[in-house]
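Protein chains: 2
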Amino acid sequence: MPSVRCYDCGRSADLADRKRCRCGEPLWVETDPEAFEWPTGRNPGMWRYTDLLPVDPPSGVGAAAGGTPLVRTPRLDVGGVQSFLKDEGQNPTGSFKDRGSAVGVASALDRGVERIGTVSHGNMAMSTAANATGAGLECVVCVPADIPDERLSHIAHYDPEILRIEGDYGRLYEVSLGIEEVEFVNSDTPLRVAGQKTVALEICEAFSPETPDAIVLPVSSGGQLGGIWKALHELRTAGLLEEFPRLYAAQAAACDPIVRAFEADEKEVRAIEGGETVAYSIANADPPGGNRALAALRDTGGGAVSVPDGATRAAQQRLAREGGFRVEASSAVAYAGLERLVERDEIGSGERVVTILTGHGFKESHGIDVDARTVSLDELASVL
Amino acid sequence: MPSVRCYDCGRSADLADRKRCRCGEPLWVETDPEAFEWPTGRNPGMWRYTDLLPVDPPSGVGAAAGGTPLVRTPRLDVGGVQSFLKDEGQNPTGSFKDRGSAVGVASALDRGVERIGTVSHGNMAMSTAANATGAGLECVVCVPADIPDERLSHIAHYDPEILRIEGDYGRLYEVSLGIEEVEFVNSDTPLRVAGQKTVALEICEAFSPETPDAIVLPVSSGGQLGGIWKALHELRTAGLLEEFPRLYAAQAAACDPIVRAFEADEKEVRAIEGGETVAYSIANADPPGGNRALAALRDTGGGAVSVPDGATRAAQQRLAREGGFRVEASSAVAYAGLERLVERDEIGSGERVVTILTGHGFKESHGIDVDARTVSLDELASVL
Chain A
1 MPSVRCYDCG RSADLADRKR CRCGEPLWVE TDPEAFEWPT GRNPGMWRYT DLLPVDPPSG
61 VGAAAGGTPL VRTPRLDVGG VQSFLKDEGQ NPTGSFKDRG SAVGVASALD RGVERIGTVS
121 HGNMAMSTAA NATGAGLECV VCVPADIPDE RLSHIAHYDP EILRIEGDYG RLYEVSLGIE
181 EVEFVNSDTP LRVAGQKTVA LEICEAFSPE TPDAIVLPVS SGGQLGGIWK ALHELRTAGL
241 LEEFPRLYAA QAAACDPIVR AFEADEKEVR AIEGGETVAY SIANADPPGG NRALAALRDT
301 GGGAVSVPDG ATRAAQQRLA REGGFRVEAS SAVAYAGLER LVERDEIGSG ERVVTILTGH
361 GFKESHGIDV DARTVSLDEL ASVL
Chain B
1 MPSVRCYDCG RSADLADRKR CRCGEPLWVE TDPEAFEWPT GRNPGMWRYT DLLPVDPPSG
61 VGAAAGGTPL VRTPRLDVGG VQSFLKDEGQ NPTGSFKDRG SAVGVASALD RGVERIGTVS
121 HGNMAMSTAA NATGAGLECV VCVPADIPDE RLSHIAHYDP EILRIEGDYG RLYEVSLGIE
181 EVEFVNSDTP LRVAGQKTVA LEICEAFSPE TPDAIVLPVS SGGQLGGIWK ALHELRTAGL
241 LEEFPRLYAA QAAACDPIVR AFEADEKEVR AIEGGETVAY SIANADPPGG NRALAALRDT
301 GGGAVSVPDG ATRAAQQRLA REGGFRVEAS SAVAYAGLER LVERDEIGSG ERVVTILTGH
361 GFKESHGIDV DARTVSLDEL ASVL
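Quick mapping for you: the protein sequence lines, in order, are chains A and B. If you read the first sequence in this note's numbering, its first letter stands for residue 1, the second for the next number, and so on. If you read the second sequence in this note's numbering, its first letter stands for residue 1, the second for the next number, and so on.
Calculated directly from the structure, the hints in this document are not laboratory data. One or more hints might be untrue.
According to the in silico footprint, chain A covers these stretches of chain B (three or more CB under 8 Å from chain A) [unchecked claim]:
#: 1; stretch: 87-98
#: 2; stretch: 140-153
#: 3; stretch: 188-198
Beta carbons: idealized from backbone N, C-alpha and C, even for Gly.
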């Protein structure tokens with residue numbers, strides 16, 4: 001059973017005993033990175049970093065997680081800032097969540113756990129269900145009671161048990177972690193975060209021996225940001241990273257508790273009344289990993305930025321029309337965040353910045369106007 | 001300008017002069033594989049095989065093509081046959097087409113071509129449009145005149161010029177190749193096939209120094225199958241492959257001209273009257289690369305199999321519900337094909353078989369029934 005530790009108070013524990021620290025903060029899985037070197041083996045995707053993971057590579061869909069492309073995208077440069085994209089849509093269920101699900105499922109399998117669960121009605125639910133079934137585990141997905149069936153269709157393809165939960169969905173996150181019959185792999189639980197950190201290992205290895213100047217990502221629960229921060233510390237301990245890239249959290253303006261806390265110079269993120277946003281998959285008004293996310297932004301000299309929906313939609317369009325990347329709205333928040341950070345001179349000309357596109361946009365059904373004209377085959381050559 | 005050659009009559013030509021041979025058959029790009037070794041460099045995705053490609057790695061979305069996971073999937077074993085999946089859905093636009101588009105676009109850019117085009121209303125259109133815009137090229141997509149707007153929405157996200165063509169859409173394929181104002185990168189044109197072959201390089205490298213016993217893939221125009229066959233020959237010339245994996249083509253029973261020709265022991269594929277199928281993206285009644293596909297099946301000791309829609313839907317469900325892979329119907333045709341080939345004893349127990357999942361299923365909008373029950377938060381622990 002992996003040993004876990006609190007980033008804040010330093011207490012250690014066994015994962016079997018607790019998923020959050022007695023002080024209330026999230027825990028992460030301890031590793032031993034001193035002797036870590038960039039791997040040369042043939043493990044696929046994120047599993048090349050098995051030395052920094054609490055489990056061995058699984059078979060099945062979990063083995064297909066990570067290893068996503070990091071590409072230089074000159075057409076998407078912002079001012080003089082050099083744009084790089086990390087396309088997490090190229091995961092088995094189309095989002096970054098597969099990294100954490102794969103670790104959670106592989107660990108459950110190792111320990112003889114037969115049922116895993118998650119509190120989500122979006123990417124995490126799909127990803128957990130897919131990874132569970134690929135490993136032969138049962139999966140329970142808890143969703144809000146009032147969610148329409150069509151929002152659940154993507155999840156149902158993988159045939160998990162879906163439970164509509166009546167009551168305070170916000171409180172469910174915590175309640176679920178106390179349930180013993182099912183192991184919940186929620187957004188900032190230690191095993192999920194152990195998987196999510198691999199995105200930073202991939203980014204840093206691709207740049208090594210150099211380092212990108214900054215990484216911009218959409219932030220919801222704060223789990224991925226916490227994982228990335230952990231990875232940076234591991235690489236520094238291993239002697240593979242001298243300077244940290246600055247980490248920037250992008251949130252939708254309608255629901256931006258982490259940005260507010262950062263700007264107000266608070267140590268803790270307070271729950272807010274979140275509003276509606278097109279980036280609904282990152283609209284977390286009370287992020288369980290919010291304080292750790294704040295600490296990560298400050299430790300790396302980064303920052304936080306809010307993005308109104310109009311800028312998000314414009315960024316989504318630019319990514320597709322000029323970059324060839326079709327992403328979900330929450331990913332576009334990160335790119336729009338980059339544009340604003342450059343405007344605000346927080347990111348400067350000549351810097352190399354990685355924007356994490358957390359999920360592809362093919363699951364979003366919103367149609368767009370099609371502008372096509374009709375020509376006859378015989379006219380085609382002359383029309384062209 | 002790359003030099004091209006006919007697999008059948010052996011004639012060479014310059015790509016600028018012709019995309020098909022004077023004998024009528026498709027051409028492929030010549031390479032010099034004698035000294036090729038498995039690469040050790042850091043080029044991303046399919047670009048690790050630049051030594052066997054007519055272009056250098058591009059920047060932008062084209063650099064994100066290929067490098068897809070190949071995973072062992074024990075839960076999807078068929079009888080005693082060991083299942084491996086190659087998940088081509090993990091490409092930038094969600095399908096295998098990105099490999100060929102990336103090469104076509106990179107080559108066009110090299111040669112100062114400013115407009116490229118394609119004849120497609122599906123994955124190839126999306127992929128060509130995305131890759132073109134990512135490189136700053138204009139793109140023309142030719143679709144049938146009577147296609148409904150909603151079928152074009154996925155393409156329109158990338159904002160290419162869409163032309164509805166009145167007249168014989170079948171004939172358009174050939175007409176388009178004669179147009180000088182726009183360079184068409186159709187399904188079995190030499191540059192596209194050069195990109196498509198990289199999937200076989202990845203499969204063979206993952207297994208090396210061993211070899212999979214067979215590869216099963218869905219076949220439409222025959223372009224990808226031709227490319228895979230080319231790659232196998234290149235690897236043999238390089239001394240990296242002793243025995244060929246057997247290649248198997250899977251087609252929808254409603255539109256299976258290549259299967260019919262194979263079973264009738266014909267040297268040429270004849271156009272048929274194709275019917276409707278859920279696997280509409282591979283329903284090509286008159287495949288331009290059909291004869292070359294046939295030659296590939298025979299040269300490798302493989303075969304061909306037709307799949308009725310019911311088996312396709314069942315395979316699609318099994319891939320998602322037991323494997324965690326959500327694929328489009330045409331990809332499920334390949335897995336259903338594997339099941340039938342095992343039933344027919346053409347693939348035997350103990351063999352290791354790679355099924356190529358050519359595209360993910362997130363673009364398909366068909367909803368499915370959602371089976372969810374409602375419980376209150378307080379009951380949750382006891383229900384679980």
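Item to check | Contradicted hints - numbers only | outcome: 3
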